[in-house]
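Each chain, written out:
There are 2 protein chains.
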Amino acid sequence: MSIEKDRDVDILEVAPRDGFQSIAEPLPTEEKIAIIEDLLAAGYRRMEIGSFVSPKAVPQMADMGTIADHFAARPGLRLAVLVPNRKGAELAIQHGMRELVYVFSASEAHNLKNVRQTIEQSLGQLRELVSLGAGGRDLRLRVAIATCFDCPFDGPVSTDQVRHAVDQALSIAPTAEIALCDTTGRANPYQVRERFNRIMAEFDADGRDWAFHGHDTFGMGVANALFAYEAGVRNLDVSASGLGGCPFAPGATGNTAAEDLVFALESGGIRTGIDMERLLAVADRINKLPGACTGGHLRVVPRQRAVA
Amino acid sequence: MSIEKDRDVDILEVAPRDGFQSIAEPLPTEEKIAIIEDLLAAGYRRMEIGSFVSPKAVPQMADMGTIADHFAARPGLRLAVLVPNRKGAELAIQHGMRELVYVFSASEAHNLKNVRQTIEQSLGQLRELVSLGAGGRDLRLRVAIATCFDCPFDGPVSTDQVRHAVDQALSIAPTAEIALCDTTGRANPYQVRERFNRIMAEFDADGRDWAFHGHDTFGMGVANALFAYEAGVRNLDVSASGLGGCPFAPGATGNTAAEDLVFALESGGIRTGIDMERLLAVADRINKLPGACTGGHLRVVPRQRAVA
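Protein chains in written order, with the UniProt record's numbering: chain A, 1 to 308; chain B, 1 to 308.
Okay, chain A solo, but in the shape it has when bound (with noise of 0.2 Å):
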């Protein structure tokens, strides 16, 4: 189990992955540097901090290795980077990190679009990243089934479709977490419990880490996190002030904001870990960024208050 004694969940912080890739303009890395801080200061344990991709193909992600280098040596902490393919792999061992997000769709369609390979070509750089030891005790491995609720292209996704991923991952890829992600945020909670509830009891609930990745495209982010909670989901995907994608730019909706989910957890006497006023600091200094698309729900308070 990923819990510690502090914290009855992991709120797993994607904004620097997920978030930062969303803003155009290239942020200056020790900007990114200093947001990562300010959010391991407001207590997380697991952040996704980047992805070694082709700096072609998401120019934002340049600077990774320099990001990489920064943090991988930090303790007790699980920080991950997602990678595309061996190469992103390698890069991430080189640089000393510790943890490795791989990511492929339930839908054949998304996963074409996304990462323009079949899923079958996807499942074999899966075996390449286990071939370098992602899985074992040195090099965790997050894998990401993308679209396991909704594809953009093909509509709804059966549980069927997800179990056969599911089975697919775990067969390469035993040790593995398994996050199940509602990619368009177009889930709603009572199938985001449904199919956790069922995949779990199906794929040996018992020691094995699960993770919920949501978006709040549909203001649904935080009822669908808590369904998956119900259904004994302990690893949480957020992204502080939401970041994560413009609801009005061509398919990209924002992730679902921690400090919402956060504020429902804690006040639920569900513990995080998380300090709530550092998280709020940070979520306003990433609402301040160029081209920041974000949809936090908590900033309103201090305003009311204020004239209250």
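Keep in mind that the hints are not guaranteed to be accurate.
[As the list claims (entries may be wrong)] Computed far set for chain B versus chain A, every beta-carbon distance over 12 Å:
1. 55
2. 65
3. 138
4. 164
5. 222
6. 278
7. 291
[What the hints assert, rightly or not] Cβ-Cβ distance ranges computed for the label pairs, FRET-style:
8. A:133 x B:8: 33 to 39 Å
9. A:275 x B:8: 37 to 43 Å
10. A:24 x B:155: 38 to 44 Å
11. B:284 x A:202: 39 to 45 Å
12. B:278 x A:284: 36 to 42 Å
13. B:154 x A:275: 47 to 53 Å
14. B:155 x A:202: 41 to 47 Å
15. A:207 x B:8: 25 to 31 Å
16. B:31 x A:24: 39 to 45 Å
Honestly, the hints are just simulated from the structure, not real lab data.
Since the structure is predicted, the reported quantities are computational estimates derived from the model, not experimental observations.
Cβ coordinates follow ideal geometry from the N, Cα and C atoms, glycine included.
Based on these hints, arrange chain B on the given structure of chain A.
For chain B alone, coordinates are given in the frame of chain A:
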């Protein structure tokens, strides 16, 4: 029970009351009537169509009589008006209304600010309404208890305070529907579920209508309503497009958007009786009202789908 065979839950629309009053500029009476007609055509069975309050206090409600005359005789529906006192109730009866909503607060400080009288005085007014027949077969009554979770002046509200308020309300109006209201939108889902579980268990849940009225201030709107549903609440307040206050205005926050909650429930297999396409069309119309502060999430979809 208020639930008919074709729906598992009653979604109660409050845009014409809680929503219109948030718009400063007076809307033409025919526009209000047209919007209410469109909402009814979308499938609502219950709606608050306005308030019989002093036009000096709420100028937007100055045409309440005309609107009530238009809708009062509509069969098969539960259309209600908010009344703050005997005079309002008398006007409602005179205009043929058959269902009243009366509000007082669990928190003394909020009651004083909101209706400028003590809770004791408010209970006196409730007695007068009952003496006029409210709560009887021909004049249904909802008692809406404001600030059941959080008070903008006193902070957190305890279960004991809510229990006391419910007890007082039912001792005066034993047949009333009881709505626990998250007036500020600062309640959290676990609190909502637990509070309803406890209050409903104590006050004879069977056969009584219980309702939850929520706002989306902290992004908890959908989650709070679903957790109320999980506790057994079958009357959930919403506002098409989330109309009902502006998050940037002092103390005002939008109601939970009807389309967001209907999406969550319907896609989870819980029938609301509401036609989503028609609802979204009215939400679009409301979005265009001058000075409307809205917060629904579902209109992101067609924009995305158009370019995907």
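Practice problem: Just tell me: holds or violated, for the beta carbon distance of residue 154 (chain B) and residue 275 (chain A) against 47 to 53 Å? | Solution: violated, 25 Å
Exercise. Indicate whether the distance between the beta carbons of residue 31 (chain B) and residue 24 (chain A) respects the range 39 to 45 Å.
Key: Between residue 31 (chain B) and residue 24 (chain A), where Cβ atoms are some 41 Å apart, the hint holds.
Quiz prompt | Outside-interface status for residue 164 (chain B) - nearest CB in chain A farther than 12 Å | solution = Since the minimum Cβ distance to chain A is about 23 Å, residue 164 (chain B) lies beyond 12 Å and the statement holds.
Self-check item: 12 Å Cβ clearance of residue 65 (chain B) from chain A
Solution: The claim stands: residue 65 (chain B) keeps its Cβ more than 12 Å from every Cβ of chain A (closest is about 34 Å).
Practice problem: Report holds if the minimum CB distance from residue 222 (chain B) to chain A is greater than 12 Å, and violated otherwise. | Solution: violated, 5 Å
Exercise. Take a look at whether the Cβ-Cβ distance between residue 155 (chain B) and residue 202 (chain A) falls inside 41 to 47 Å.
Key: holds, 45 Å
Self-check item: Consistency of the no-contact label for residue 278 (chain B), given chain A and a CB cut of 12 Å
Solution: Given that every Cβ of chain A is farther than 12 Å from that of residue 278 (chain B), nearest at about 18 Å, it holds.
Quiz item: Given a hinted range of 25 to 31 Å, is it respected by the beta-carbon distance of residue 207 (chain A) and residue 8 (chain B)?
Solution: Given range 25 to 31 Å: violated, Cβ gap about 38 Å.
Quiz item: Was residue 138 (chain B) rightly flagged as not at the interface, with every chain A Cβ beyond 12 Å?
Solution: holds, 38 Å
Exercise. Please confirm whether residue 55 (chain B) is truly not at the interface, meaning its C-beta sits more than 12 Å away from all C-beta atoms of chain A.
Key: holds, 26 Å
Quiz item: Is the hinted range of 39 to 45 Å satisfied by the C-beta distance from residue 284 (chain B) to residue 202 (chain A)?
Solution: This hint holds: roughly 42 Å between Cβ atoms.
Quiz item: So the hint says 38 to 44 Å: do the beta-carbon atoms of residue 24 (chain A) and residue 155 (chain B) match that?
Solution: holds, 42 Å
Hint violations for this structure: numbers 5, 8, 13, 15, all remaining hints satisfied.
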